[in-house]
Amino acid sequence: MLALSVIVAALLLAACSSSPSSSPTTAAGSGSGTKVAGGTATWAEAPNTEPNYIFPFMSLAYFSVANINQFQFLMYRPLYWFGNGAQPTLNPSLSLADAPVYSNNNTTVVVKMKPYKWSNGETVTAQDVLFWVNMMHSDKANWAAYAPGFIPDDVKTLTVDSPTQLTFTLTASVNPYWFTYNELSQITPLPIAWDITSTGGSAGSGGCSAAAFGTQDAKCDAVYTFLSKESGYDPANPKASNNSLATYATNPIWQIVDGPWKLSSFDASGNASFLSNPSYSGSPKPTLAKFTELPFTTDDAEYNALVGGKINFGYLPLQDVTKPTTNPLVPAGNNPRLSTFTLAPLYTWSINYFPENFNSTGDGGNAGVIWKQLYVRQAFQDLVDQPLYINKIDHGYGVPTYGPVPVTPANPFSSSLEKNNPYPYSLTKAKSLLSTHGWKVVPGGTTTCTSPGTGATQCGKGVPSGAKLAFNLQFASGNASQEQLMNTEKSSWAQAGFNITLSQGSFDTVIGNATACTPSASCSWELENWGAGWVYAPDYYPTGEEIFSTGAGSNSGSYSDATNDHLTVQTNTTNTSLTAWENYLAQQLPVVWQPNTVTAMSEIQNTLHGVLPQDPLWSLNPENWYFVK
Amino acid sequence: MIGFIFRRFLQAIVVIVGVLLIVFILAHIIPGGAARAALGPRATKVQIAQFNHLNHYDQPLVKQFWLYIDGLVTSFNLGYSYHWNQGVTQVILARLPKTLVLVGMGTLVAVIVAVPLGILQVVRRNKPVDYVLTSLSFVFYAMPVFLLGALLILYFSFDLHWFSSEAPQGATVLSILSQPRSLVLPVFTLAALTIASFSRYMRSSMMETLTEDYVRTARAKGAGPRRVLYVHALRNAVIPIITLLGLSIPAIVGGALVTEALFNYPGMGLLAYQAITNTDIPLLLGTTFFATLATIAGSLLADILYAAVDPRIRYAK
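So the protein lines, in turn, are chains A and B.
Each residue of the first sequence is one higher than the one before, starting from 976 at the first, in the working numbering.
Each residue of the second sequence is one higher than the one before, starting from 2 at the first, in the working numbering.
In short, the hints are calculated from the structure, not lab data.
No residue lacks a Cβ here, since even glycine has one placed at the ideal position from N, Cα and C.
Only true hints are included.
So, partial list: chain B residues that the calculated Cβ filter (under 10 Å) puts toward chain A: (1) R96; (2) F264; (3) P283.
Bound conformation, chain A alone (with noise of 0.2 Å):
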């Protein structure tokens, strides 16, 4: 029975393991060779984005991919671990805790500790959590991920059961579903040992790790300031000096970790050498000696180094793809120069879009009121001819955004519906849908309102008779593919008389624009166009509360549907499945869906093996990587 059981169970791992159709077929997965002890493998960061924080509780300033998926989980790891294989879905075997167990109608988690140890000794306990939550609690606005109402907002009380369990009971009835993904993600268990305010400190002398739920803020921010200065940044005085960056690799304090690795060397441009943690007690242990981060200037100097051999897993910039694919998980075949590497697409966990600004005063006043009638959201959508540009400008490495979900990478939460695209390319559809509800369609000019009014076949609430499809968009410059989506999109437009004026600026300019205003004068955006929508994480379960819901946040455009908000609050509190939400959001366009381009082009050495499939969350896990001959 027993050796039944364990055949069932490794029929379920290897069914649970194995991805959909991304992996390539050909080596550096899990081809043949000899496996390989030791090693170092050599990984290639994107220009601009080399990590510059170790404290893995950060303000929005250090809030990046880099610094966290890709430099502090190596080191530290989150009490529950995102991203299965090639799925954004919780990993049980890399949490640090069971799964949570949710009891009286959803209000009270129990979480139970796995034995994972701290490489000082320590043991990963649930005081370890309440040390992460009181600071949360302390220091609410130097949290990224914290939004009023939320964590820690939401918990009436955490206790310590015992080392190995600890109880939240909640404020209201809570979606497992999304407490898990979006809430309990944010936490990471912080050893006893940094519970101090000075260097040398005894460990818990800070007060805060043992202190009872939300009782000492006054402590946790003394040891939250601390060990952000320890880590380069001085939140009470951000201008004074420091040089903690150079002592990442040598301060004691960020040489305590419990993930498979631990940092050996660093620099402030971004060269990051890791040593495998001999007392990890997770499983897979590193088989590779070390791990070794580079930085690049440019995808050019990066691709150089590719060729010159000098990285073993880097990344083919866009431009040098040389042959356009069919399927955009599956490449059509590697740069010629690139012969001993394998070609993997990597598509993160995130949508594309760019807002309409439904409170504008520009367009004469008119361009709030015409973007909040949907029929003109529709038509402006069904000119947007995803697959096309996908096919001629991203070579096929893209994906279409259909709704508020990630159809790609594959998932269980897309519905039928966002798969099957509600607003396929149609120019008939477009003029029909303006032409019958009073405006007269100029196409190549500008389409005029002619029948001001709210009945069926006029223009709509508060469209007077002459306002104009003429809108301003702004997108960010720096990337010929955007700008020539852009002024593809634009030219499909006009075919409806869409007069669109589009403008250039700087992606902190632009998303400077894209505030959310009260209608004013200075409310007179229309559209912007930052040119990377939205990552879901650490809010992995896609219920978009913080971009669609009425005031949220980082709702850019102003939307505000009170449907919209009722379902998103029903996807946070009960055990509805998303898809009434998302279809609704879907074909209510709270923003403009755009094609998401390929996050990456990975190349991984034919040598290297176990790094696919990649990560969706773009976290890195080298532990699972070896070298074969």
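Dock chain B against chain A, hints included.
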């Protein structure tokens, strides 16, 4: 001369404050500003307000500028770069030696090669050597740096495997100099364009000098061609090169953006570029400050060298 230097020093202070003020104002009128740049699209209004308060961006511009100058004068504090999570001074000082080595060597090589080439063209004026060197000068002068660098990498690194496609990756001058093979391609890429330019200046300056009366006098007194060329003409002919060298000093500090980007060499040029694209205002001001200092120093150095080379030049009190 001391009085001249003192006056220039006073002028320099005014220039530095003026340049910083202009950059300060321009940087602060960018939409979104430093807060959006540092915090990204996820930042809420509350978070942006908090950031601005903490970093004094909510203060009047005049007060912000005063705080900046005060920090600079009293503690040489150029502020903090969120992008690099370091003090601006530390970020700059980490990259300055790299740029000094690369651009300094490129300029040195250019002078060493360009001056003799210019003279050779004059000596062999309107001969095949002159035509070939002139043509090559035009080719290298017209060639974009990124193209030359890419071609050099393609041929000498990818195909022949003679040199590395990367510049030395060390952080100190010694570690950079200890990898001479890695320096060859970036230094040559930088020097090629400068050689083309300097040699043309040298050629025309030398030709003009050789028509001067004192050169004719020297010849009439029986001085040989070599003596005329190297003793009488060269000192005067080299003055335009000194001007160019003086103007090159800002580049030695300011870096060579394209070469640094192509050869994976994070120096000052790339740093300034990133400061602009990341709206990293303190770093932008810091790199501007250093570039201004270098421009002033270069100009002053050129003036002093004029006097050293040409005894007729004296600066009035």
